[in-house]
Amino acid sequence: MTLHNFEKQIKEKLRQREIRPSEDAWHQISSGLEKGKPRRMNYLRYGIAAGFIGMLIISVLYFKAEDGSEKEVQIVNSPPEKSVSNRADHVPEEEFIANTNKEHDLKNGEARDDGKPTKERPQHLVNSVKQAVDKESNPEVFSTKVKVSQRPLDQLIGYKVTEIIAQVNLLEKDAAALTDAEVDSLLRRAQRDILTADLLKVDGSVDAAALLGEVEDELDQSFRDQIFEKLKTGFEKVRTAVADRNN
Amino acid sequence: MKRFKHLKIISLYKNEKALIYKATEGHREAQQRLYDRFAPKMLSVCRQYVKDLQFAEDVMISGFVKVFRGLEAFRHEGSFEGWVRKIMVREAISFLRKKQFVVFDEQEFGDSALSYSETSSDLDVEYIQHLIDDLPEGYKLVFVLFAVEGYKHAEIAQMLEISENTSKSQLFKARRILQEKINRLEMSGNSNARQN
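Residue numbers (this note's numbering), protein chains in the order written: chain G, 1 to 247; chain H, 1001 to 1196.
Derived by calculation from the structure, the hints in this document are not laboratory data.
Check the hints yourself; a few may be wrong.
Taking lysine-lysine pairs in the DSS-like style, the calculated list, with each CA pair at most 27 Å apart, reads [what the hints assert, rightly or not]: (1) G/Lys35 - H/Lys1086; (2) H/Lys1152 - H/Lys1051; (3) H/Lys1051 - H/Lys1168; (4) H/Lys1152 - H/Lys1181; (5) H/Lys1086 - H/Lys1022; (6) H/Lys1017 - H/Lys1051; (7) H/Lys1086 - G/Lys8; (8) G/Lys8 - H/Lys1051; (9) H/Lys1173 - G/Lys11; (10) H/Lys1099 - G/Lys35; (11) H/Lys1152 - H/Lys1098; (12) G/Lys35 - H/Lys1168; (13) H/Lys1041 - H/Lys1017; (14) H/Lys1066 - H/Lys1022; (15) H/Lys1022 - G/Lys11; (16) H/Lys1041 - G/Lys13; (17) H/Lys1017 - G/Lys35; (18) H/Lys1041 - G/Lys11; (19) H/Lys1086 - G/Lys13; (20) G/Lys35 - H/Lys1098; (21) G/Lys8 - H/Lys1099.
Interface residues of chain H toward chain G, partial, derived using beta-carbon atoms under 10 Å [to be verified]: (22) Gln1032; (23) Leu1043; (24) Arg1047; (25) Glu1149; (26) Met1159.
All of these numbers come straight from a predicted model, not from anything done at the bench.
We treat Cβ as the ideally placed atom computed from N, Cα and C, and that holds for glycine.
Chain H extracted, bound-state conformation:
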């Protein structure tokens, strides 16, 4: 069974590579297959940054157009999904900048440690998204880039053209807001339990 799984992964990888080569040559069917494979995940990525799903889809569409036009730049050194994801993230940031949603405040942040309550383990993805959506755009961008995409502060600072300190400050504030919201959720959950 393990051998079969291994072979399946290899064949998938080979298929993906072949698809990428064909898509690079402008083969529309290959491009569509790649799109079908990655579009749902990429729309989710865009949705992390853009609150409105319709706008998020627009960002994804323009991102895919850039992906297929710039396929020659893909060197097959890392994963294709990671490469596409980076393009989507940059496209989303560009979209937010164009719409002038992003405002970064430069206030200093405290150094107190934050901890989320235990009830937050039950959070479903929609509620997480809702919590993130409620964050100010600047906080949200830095939080998602740091906590979800795994970028470092230096990289975030370069991408958003801000200082590293601002990036850290935005992250701290985002975490504090999230903590407050979860605490409130916990309190309301406890009171509901008592009533029951």
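Bound-form chain G, shown alone:
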């Protein structure tokens, strides 16, 4: 028998052979296929769940970021700053010369021609105080601030207005002269009180946004004071020069 024939015979016999597998074999295959199936399903489920959670986190972060930016706007445009700046920057610009003159006159012990050096001024200042505080409490102008805590702030501003008016009236009665500086200091103190009160929440904790606003305001205020002082000095120099020339 040649090699080829022998191997051919082996091939035929082995290829025709069949061995019956055990009864359990199919169950093992079936369970093996079942194991593979849920794995795919699990991956899909985990993928969907992860996607959903991711979307949720992104949306929460997005909306939180939006809220944060609103709060930042509140801090930047906080009403006390505006009202005070209006009072400190714009009003003095127009009335600055007159007020400084008045101050100067009072310092030098000069009386006005009409003989009522103090009576008009307090009334005017009281009106300006009222206007300034009314501006603060105006909901149209400072609508963002009102969003945070409308009623307690209104109450506080109202209280402060009455307090300032009472103080102005008292000073008006007692003191011979009520200067702008005194009224300004009263206003600023009231403003500070309002801002400090705004810092504290109902539960006693400190409002971070309001605190930041206050710090920014203080920084801004010191800068404004510097400019105010420089303007004042410059103006006095000019005024003295003009007075000397006239003399």
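Chain G is already provided as a structure; the job is to place chain H on it using the hints.
Frame of chain G; chain H shown alone:
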């Protein structure tokens, strides 16, 4: 009669194709039918490589799991049985490699022609299997792949990650061992006949 036979073959083929399509979709009954049809032959294939029947069955089981999971890869270009058989062969080789049964020696082989004795024509399949089982794993793999499965040396070399020369060497040595065993069998057969 011939027409009936022809129709039967066509219907079987169509059934097999339909079964394959259903099994591809994950239809468990179709998968079981395909398994029932091919499992005995595939266990025989695995048994050619793996001496222990239990291990051979394990190889067949993991092979069928791969078959059903990878049915989408079957293009219906060749026979389904051939495709399944290839998977089983690869699975058996992988099993032997994992168990580190296979050792290929690189010794050169002679060129002398081998011829089996005439008595070997009476060999039954169990004895053939026994002869193959007794071969060293490396020889056995190459011999079965070459002589039974019909792979070429280049293909065997690629499958087993060996050189073609090693494949040829393994085959030569396997044949020589088989020849010696058959010669011994022949001699013992002759002596038995004389005694009778």
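Going through the hints against the structure:
1. G/Lys35 - H/Lys1086: At roughly 24 Å apart (the allowed maximum being 27 Å), lysine 1086 of chain H and lysine 35 of chain G satisfy the hint.
2. H/Lys1152 - H/Lys1051: holds (23 Å)
3. H/Lys1051 - H/Lys1168: holds (23 Å)
4. H/Lys1152 - H/Lys1181: holds (25 Å)
5. H/Lys1086 - H/Lys1022: holds (21 Å)
6. H/Lys1017 - H/Lys1051: Roughly 33 Å between the alpha carbons, so the hint for lysine 1017 of chain H and lysine 1051 of chain H is violated.
7. H/Lys1086 - G/Lys8: Holds, at roughly 20 Å.
8. G/Lys8 - H/Lys1051: Measuring from Cα to Cα gives roughly 22 Å; hence the hint holds.
9. H/Lys1173 - G/Lys11: holds (18 Å)
10. H/Lys1099 - G/Lys35: holds (24 Å)
11. H/Lys1152 - H/Lys1098: Satisfied, since the Cα-Cα distance of roughly 24 Å is no more than 27 Å.
12. G/Lys35 - H/Lys1168: Violated - the C-alpha atoms of lysine 1168 of chain H and lysine 35 of chain G are around 41 Å apart, more than 27 Å.
13. H/Lys1041 - H/Lys1017: Given that 27 Å is the threshold and the Cα spacing comes to 19 Å, the pair holds.
14. H/Lys1066 - H/Lys1022: Measuring from Cα to Cα gives roughly 16 Å; hence the hint holds.
15. H/Lys1022 - G/Lys11: violated (33 Å)
16. H/Lys1041 - G/Lys13: At roughly 12 Å apart (the allowed maximum being 27 Å), lysine 13 of chain G and lysine 1041 of chain H satisfy the hint.
17. H/Lys1017 - G/Lys35: Measuring from Cα to Cα gives roughly 26 Å; hence the hint holds.
18. H/Lys1041 - G/Lys11: holds (13 Å)
19. H/Lys1086 - G/Lys13: OK: lysine 1086 of chain H and lysine 13 of chain G at ~19 Å, within 27 Å.
20. G/Lys35 - H/Lys1098: holds (22 Å)
21. G/Lys8 - H/Lys1099: violated (30 Å)
22. Gln1032: With Cβ-Cβ at 6 Å, under 10 Å, it holds.
23. Leu1043: holds (4 Å)
24. Arg1047: Since chain G brings a Cβ to about 6 Å from arginine 1047 of chain H, closer than 10 Å, the hint holds.
25. Glu1149: Interface hint status for glutamate 1149 of chain H: holds (9 Å vs cutoff 10 Å).
26. Met1159: With a closest approach of 18 Å, the methionine 1159 of chain H hint is violated.
Hints 6, 12, 15, 21, 26 from the earlier list are contradicted by this structure; the remaining hints agree with it.
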